[in-house]
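J.: In order, the protein sequences belong to chains A and B. First residue of the first sequence? That's 1 in the numbering used here, and the numbers climb one at a time after it. First residue of the second sequence? That's 1 in the numbering used here, and the numbers climb one at a time after it.
Note that these hints are calculated values from the structure, not bench results. Cβ atoms here follow ideal geometry from the backbone N, Cα and C, with glycine treated the same way. Any given hint could turn out to be false.
Stated by the list, open to error - If you want a taste of the chain A side facing chain B, the calculated C-beta under 10 Å gives, among others:
id, residue
1, K81
2, E228
3, R240
4, Y269
5, G379
6, D385
7, T405
One letter stands for each residue in the lines below.
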Amino acid sequence: MSTEAPEGTDTGLGSAERVHRRDGSAVLRVSEAGAFHLAGDPDNPDDDERMILNMGPSHPSTHGVLRLMLEMEGETVLRTKPVIGYLHTGMEKTGENLSYLQGPTNVTRMDYAAPLFSELAFSLATEKLLGIEVPPRATWIRMLMCELNRVASHLLFQATNGMDLGAVSMMIYGWREREEVLRFFEKVTGLRMNHNYIRPGGVAADLPDGWQDDVRRLLDLIPPRLDEYDTLLTGQPIFRERLQGVGVMTPAEALALSATGPILRSTGYAWDLRRDEPYLAYDQVDFDVLVGTYGDSFDRFAIRLNETRESLRIVEQILDQMPSGDYRTQDKKVTPPPRVRIDDSMEALIHHFKIFTEGFHVPEGEVYVAVESPRGELGCYLVSDGGPNPYRMHIRGPSFVNLQTLPHLMEGGLIADAVAVISSVDPIMGEVDR
Amino acid sequence: MTTIVPETSSFDQRVLHPLPDQLLATVGDLHDEGFLTAVDVTAVDYLTHPGRTDLPADVCPERFEVVVSLHAHQRHERVRLRVQVPADDPVVPSLFDLYPGTEAMEREVFDLFGISFDGHPDMTRILLPEEWEGHPLRKDVDTGRIPVQFREAPVQR
Numbered sequence: 001m002s003t004e005a006p007e008g009t010d011t012g013l014g015s016a017e018r019v020h021r022r023d024g025s026a027v028l029r030v031s032e033a034g035a036f037h038l039a040g041d042p043d044n045p046d047d048d049e050r051m052i053l054n055m056g057p058s059h060p061s062t063h064g065v066l067r068l069m070l071e072m073e074g075e076t077v078l079r080t081k082p083v084i085g086y087l088h089t090g091m092e093k094t095g096e097n098l099s100y101l102q103g104p105t106n107v108t109r110m111d112y113a114a115p116l117f118s119e120l121a122f123s124l125a126t127e128k129l130l131g132i133e134v135p136p137r138a139t140w141i142r143m144l145m146c147e148l149n150r151v152a153s154h155l156l157f158q159a160t161n162g163m164d165l166g167a168v169s170m171m172i173y174g175w176r177e178r179e180e181v182l183r184f185f186e187k188v189t190g191l192r193m194n195h196n197y198i199r200p201g202g203v204a205a206d207l208p209d210g211w212q213d214d215v216r217r218l219l220d221l222i223p224p225r226l227d228e229y230d231t232l233l234t235g236q237p238i239f240r241e242r243l244q245g246v247g248v249m250t251p252a253e254a255l256a257l258s259a260t261g262p263i264l265r266s267t268g269y270a271w272d273l274r275r276d277e278p279y280l281a282y283d284q285v286d287f288d289v290l291v292g293t294y295g296d297s298f299d300r301f302a303i304r305l306n307e308t309r310e311s312l313r314i315v316e317q318i319l320d321q322m323p324s325g326d327y328r329t330q331d332k333k334v335t336p337p338p339r340v341r342i343d344d345s346m347e348a349l350i351h352h353f354k355i356f357t358e359g360f361h362v363p364e365g366e367v368y369v370a371v372e373s374p375r376g377e378l379g380c381y382l383v384s385d386g387g388p389n390p391y392r393m394h395i396r397g398p399s400f401v402n403l404q405t406l407p408h409l410m411e412g413g414l415i416a417d418a419v420a421v422i423s424s425v426d427p428i429m430g431e432v433d434r
Numbered sequence: 001m002t003t004i005v006p007e008t009s010s011f012d013q014r015v016l017h018p019l020p021d022q023l024l025a026t027v028g029d030l031h032d033e034g035f036l037t038a039v040d041v042t043a044v045d046y047l048t049h050p051g052r053t054d055l056p057a058d059v060c061p062e063r064f065e066v067v068v069s070l071h072a073h074q075r076h077e078r079v080r081l082r083v084q085v086p087a088d089d090p091v092v093p094s095l096f097d098l099y100p101g102t103e104a105m106e107r108e109v110f111d112l113f114g115i116s117f118d119g120h121p122d123m124t125r126i127l128l129p130e131e132w133e134g135h136p137l138r139k140d141v142d143t144g145r146i147p148v149q150f151r152e153a154p155v156q157r
């Protein structure tokens, strides 16, 4: 692990170099019915080497309902096809029928391990279409909550990754520390998950009194525990053996396969939207972008472990720099009037009613906004026709796109390593299927 | 840039408007310029909002629009391509050869919009069941109106 590659690092990518890493035959391309026929003739003795193996959708290591079709020769994986869609509930369609104010309730259910990032991308896109600025305090609250969410999400990764590889005690530790973060979220947003906290125009509520003490407690509690994980996992020969050199990828391949987040960084390519396309106030805090060297599963594990520390470093700076002021914009178009005005003003009551029934109208246009979620680039493409509901709401889920790297990472590997590779990609199936 | 296509900008982002048959040439040029990653491929069905105003004058609006976002990491640049796709012939060339990362995204667009990508190695449904009828993100498909389609459970005996 090296920290911080300088800008413009030579990654051996010529601008005109076209990468054809994956021809059509590298990915298993058969329908479910076709796989049945491909599986071979049990009566033919020459036909027993190659087989189609089905893994999932209900397998402890598939993090939900991911199903893999693996073409095996002995124990070697030749081709892989992820079969997804088991959690598809048409959330993009649902989003077209909800107003912009209801939108975050919908998108927050996509990546349930890092819900605040989907809300953030949706809110930033809406605000861009509206052309409104949010007050500095709202921006910093968003940043605080998102970084803590990144900590929670990476802790969850450590837990599940550990369990997938047989370090079962890690499962308990990871969930335990994540719960501490979620307890803070519950205090601030009222919910442990699916917060609907970041909304177009700001955040739902100001931070509760004494939030500094809670955050400081987290800052005191988590870093020593991270050191413990480091001792428990990083130095563990069995753990290293199972991860090092497994699922290797080069930067050129990662870019060609549209991989983002820790997967791209593990290959040594220093790219983090927080640093390279700063949104919120990330240009005012100091942090390092962590990159790996080999692009293997171990680098992806180590990057997430150390990114947790970087996030806590950002949280510490936010604690010192949190500005005072309003937690949502005072633009009357998107923010309801104060509660006290409703009692003595008919107009205020109508205004309040209109905002929550019909919703506010957003000028016509289309916009794409991307944020760095724990899993990579989370983009929101919004099209407005001038009405109170988005005409089209598309979320570019990093898990969905990163999942495509699985066939590439697994090619030629062993079936036992498949579990390590799935785990290191860290897909959240709610976001994959949407 | 050898292919000239209409260009606009939306919130400081470059937007190009190639025709479907110009798409591969335009994208090839952009790839040579350093746009090595296809960040996103999606589509919009403009059935109920035909009179959109953000298109350049020489682009004829069609029902579908395939939206491709490309990213040049080293140049810190993004570009978005909006391709007009007619409803009676919803086919665009696939970007899979240049950008293998578009594989799942193009399948998703095919699945939910019924726009097929010519040259894609596996143009099948990705999110919905294989035998699903219709393309739910089209605007003429309503929510809550269609009976939910599920595979019939096999008769036990």
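J.: Taking 10 Å as the limit, does the beta-carbon of T405/A come near enough to a beta-carbon in chain B?
T.: Constraint on T405/A satisfied, holds at 8 Å.
J.: When the nearest CB of chain B is found for G379/A, is that gap smaller than 10 Å?
T.: Hint on G379/A: holds, closest Cβ of chain B at ~6 Å, below 10 Å.
J.: Can E228/A be said to touch chain B, with a Cβ gap under 10 Å?
T.: This hint is violated: E228/A lies away from chain B, its Cβ roughly 35 Å from the closest one there, beyond 10 Å.
J.: Was the hint right that K81/A lines chain B, CB cutoff 10 Å?
T.: With a closest approach of 8 Å, the K81/A hint holds.
J.: Just to be careful: measuring from the Cβ of D385/A to every Cβ in chain B, is the smallest value less than 10 Å?
T.: For D385/A, the interface hint holds, since the closest Cβ of chain B sits about 4 Å away, which is under 10 Å.
J.: Hold the hint about Y269/A up to the distance rule: shortest CB distance to chain B must be less than 10 Å.
T.: 7 Å, holds
J.: If you take the shortest Cβ to Cβ gap from R240/A to chain B, is it below 10 Å?
T.: 30 Å, violated
In this structure, the hints that do not hold are numbers 2, 3, in rising order.
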